[in-house]
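Chains as they are written, first to last, in the numbering used here: chain A, 1 to 366; chain B, 1 to 295; chain C, 1 to 313.
Rather than coming from a laboratory, the hints here were simulated on the basis of the structure.
Glycine included, every Cβ here is placed at the ideal spot set by N, Cα and C.
Check the hints yourself; a few may be wrong.
[To be verified] Looking from chain C toward chain B, a few residues come up when the C-beta cut is under 8 Å (computed): (1) TYR38; (2) TYR58; (3) VAL84; (4) PRO85; (5) PHE127.
[As the list claims (entries may be wrong)] In silico DSSO-like cross-links for lysine-lysine, where the CA-CA straight-line distance does not exceed 30 Å: (6) A:LYS109 to C:LYS218; (7) A:LYS109 to A:LYS121; (8) C:LYS264 to A:LYS106; (9) A:LYS67 to C:LYS218; (10) C:LYS264 to B:LYS136; (11) A:LYS132 to A:LYS109; (12) A:LYS169 to A:LYS106; (13) B:LYS76 to C:LYS264; (14) C:LYS264 to B:LYS170; (15) A:LYS121 to A:LYS67; (16) A:LYS106 to A:LYS132; (17) A:LYS169 to A:LYS121; (18) A:LYS121 to C:LYS218; (19) A:LYS132 to C:LYS264; (20) A:LYS210 to A:LYS67; (21) C:LYS218 to C:LYS230; (22) C:LYS264 to A:LYS210; (23) A:LYS106 to C:LYS218; (24) A:LYS169 to A:LYS109; (25) A:LYS106 to A:LYS121.
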Amino acid sequence: MAIVTFDEATRTYPNGDRPAVDQLTLEVRDGEFLVLVGPSGCGKTTTLRMLAGLENVDEGEIFIDGKSVVNLAPRDRDIAMVFQNYALYPHMSVAQNMGFALRMAKVPKSEIEERVGAAAKILDIEEYLERKPRQLSGGQRQRVAMGRAIVRQPRVFLMDEPLSNLDAKLRVATRAEIAALQRNLGVTTLYVTHDQVEAMTMGDRVAVMKDGVLQQCDTPQTLYDEPANVFVAGFIGSPSMNLLEGTIEDGGVRLGTTTVLAAGGLPVPAGAAVTVGLRPESLAIAPAGGGIPARVSMVEELGSEAFVHAKLADGVSPAVPGEDTIVARFEPRTAPAPGELIHLRAKDGAMMLFDAPSGERIVVGS
Amino acid sequence: MALSRRHAMNFIAIMILLFFTAFFFVPIIWLFLAPTKTDGQLLTESPFAFGSLSTLAHTFHRIVTYSDYSVLIWLKNSAIYSFGGTALAILAAIPAGYALALTHFIGRRLLLAITLVVMIMPATALVLPLFLEINKLGLYGTIWALILPFGFFPFGVYLTYIYFSATIPKDLLAAARIDGAGEWRVFWHIALPLARPIVALVGFFAFVASWNNFFLPFVMTYDSSQYPIQIGLQQLIGSTASFNPANYSAGSSIVVLHRPDLAMAVIIAIAPVLLVFLFAQRSLVTGMLAGATKE
Amino acid sequence: MSVPSAAAVPGERLRRRGGRAVGKRERPPAGSSRTAGYFFVALYVALLLLLGIAPVVYAIYLAFSNSGGAGSAFVDAFNDYRFVPAFEHILEFMAIWLVSQTIFVVGLTLMLHNQAQRVGAGFRFIFYIPGALAGAASVVVWLFMLDPTASPFAFGLHWLGYAEFNNTIAPGNLPAIFAIMAFWTGAGAWIVVMYGALNNIPHELIECAQMDGANAFKTAIFIKLPLIRKWVVYMLVLSFAAGTQLFVEPTVLGSAALGVGVSKFWSPNQLAWFLASQYDEFNEAAAISIVLLALGLVVAGLLVWRGRLFEVE
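Extracted from the complex, chain A is given alone in its bound form (with noise of 0.2 Å):
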């Protein structure tokens, strides 16, 4: 139970040319469970280790419950961490491994095997307990992993990349199980991951990072229909938004040879140009006339949804040059086929600008 504060927490590498972690200010309420996602080298693993220990501080601030931790040793921060490549000790067996820093901490032997035995109950792995690592699967490894944090009851788990080696359907129940747990347990959990989807089923908030800096912390629900910038807009949901260029015009925005009007005022002057972006999901066939025009190069049927992949025709630019692949989702079976010219357009609401320049969300009134 704490809430964990880092205030302008800066890390540089010594041959780094910018910071790995810029001036992160960041909260971690009591009992939340925050995931930290983005594109490798944000910076998300090194603020990880920042709070672990594992990472000098070089400006900034970090606080647990409001005390500095800055100067602590790792092993003095009541923290427990799962380590991506589980870090099981491979000499050692399972009761062991999860007793170690218990062993550590002079505990004294019958309580460690009560906690062990408590641990690995929740886990499910109390028949492992005399095996080896090297007897295990990767699910189980990971789940000892999980046990060995769980045991030393701290303040804070710091998980980082956990599920990132286990096979993908493995992965998807995982996840829920881990969820669940930190629910159960009620611990303040920091989560590092790549994969944005992890991101958005598991955590309350979600912060994503992009080149050590802090694009947007939010549930995952405002992240995907309020995203602050291009960033966060085109890495939060898959498939990924499609992003167009476009010019601020009477009203509206032209894309290309097409204007599409927007449905509130715009609080930016004609000519300022523009990135629009639109999510797979809210594009459908535009009703005779108007519509992004784009021709159809293929699709993907799904079973339960199908994506159309069309390149954009009529002068349309992508906000990428190379890019100029739209995808949309249909309906199963309704699909386009390859080759036809479709008009595509976005549905209500759906539409969103941003500043083409500095990639900030233009907010559209009502």
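Following the hints, complete the assembly by docking chains B and C onto the known chain A.
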């Protein structure tokens, strides 16, 4: 642990490390400084004092010319035995290690097991029967009596085996074989170009082992003209006054050696190996670690 | 909270128990790969037979074919008045050497591993240099080091009560002296190997131990040491075998006439050679060689078996 206690432990650790540094290194420093001083200076001055360059030159001259340039003859012998042995060792070990790692043949695992066992047995226990065998073969007194045993280097085979197992993906070879390449071509065109580090490593170990070997030449050579420098060193001790005073009576005309001369001889004896150590150190350590860290 | 057993999830592969590769019968694929393998190993196998197997066979033959009947060579050797002392010498030497080498090599390597990378590299290099002087050269260097009149360690020798060289190399000190020489020459290489082994431990494990509350010392004892156990055993095996065969150091030290305590048959290997070269007693000499060989092999086998050292793939 309180910060001060941790500092104290670290201090003790540094002290211990420095103690051992002195233990390992002081003899070397002394050795290199000794020929610059006279015998008397060695006794009276500090061990770390530098004598003079002229003394060094005299010492060098005295030891090299001793007994009709014996030192040079011994060096030549060492070179022949060691280079010959090393060449043979590389020639035998590299293909063998490759075959053990990346080809299939009946008896492969048996050969590997035998190699491991033989590796554990240093050759010295076999020197005597080896001596008798060499004698029977009529090779006694020839350079082959030394080059052949030096060329038998199971440790080199094991290192090569580990190296090829770790660095060449089996898929690469499978692809080449599917493409129709014969085994020899696979070895020549794929494995060998990648083998430079291991050739250097095996060569290094074989050379050092051959150059420093004492027991084998001790048994296999009988005349001063055949001695490698290691045996020669031992002979020189016999002629060194401070270690064999009884041998020399006053007024004797035999050239007598003193400590600086003997030290100079040691330096000459180890110079090749030391040079190799120093220059190859970086790649050696990496190579050694590659072998040492295979799981 | 019940959790579906991982084994029931398809796509999960349970590691084999014990982690050992279960031996499969080697069935080489058809084709030229099979015969080519023989060509590649041909030269090595020739050398192996000629210089590895044949001498052993010959030695065994010699040891058992004495004129007094099979086994009499062994009896004669055991009864030789120099046999038991030689083995006493060698065992005392090995006890001192192996114990101190293990403690110091492991201890020094752990200490170095704790330091920064560059610092460690510098120390390791210095420790390694004496390895270039293996054999006679190192004995000569230590001849100088043990002479209280000229040695840089003179103060230490005087403190131990040795005023003159023949005090230092008194017979009782010989096992310790040879142990020092062997350690001085060999420790560096083993430190490099141990250091490599320590580096092979995933850094995550060390960090995890840190977070689990282990300080540097406890991490070394509970995590690092057990994980390099294999290499420590390897070091013991090789050193034991080499130690039983001690020859160079006593021979070269004995060349200094002041070394009266260093007889020409101080170590068993020396005795074997002495018997062969002075008395033509080849059978007895071979018997001693076989005993030494067997000793090394037995201990090696024990350690390898208990330590599961070599897993042949």
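### Task
Kindly indicate which numbered hints from before are broken by the structure, ordering the numbers from low to high.
As far as the earlier hints go, 3, 4, 8, 12, 14, 15, 19, 22, 24 are violated by this structure, in ascending order.
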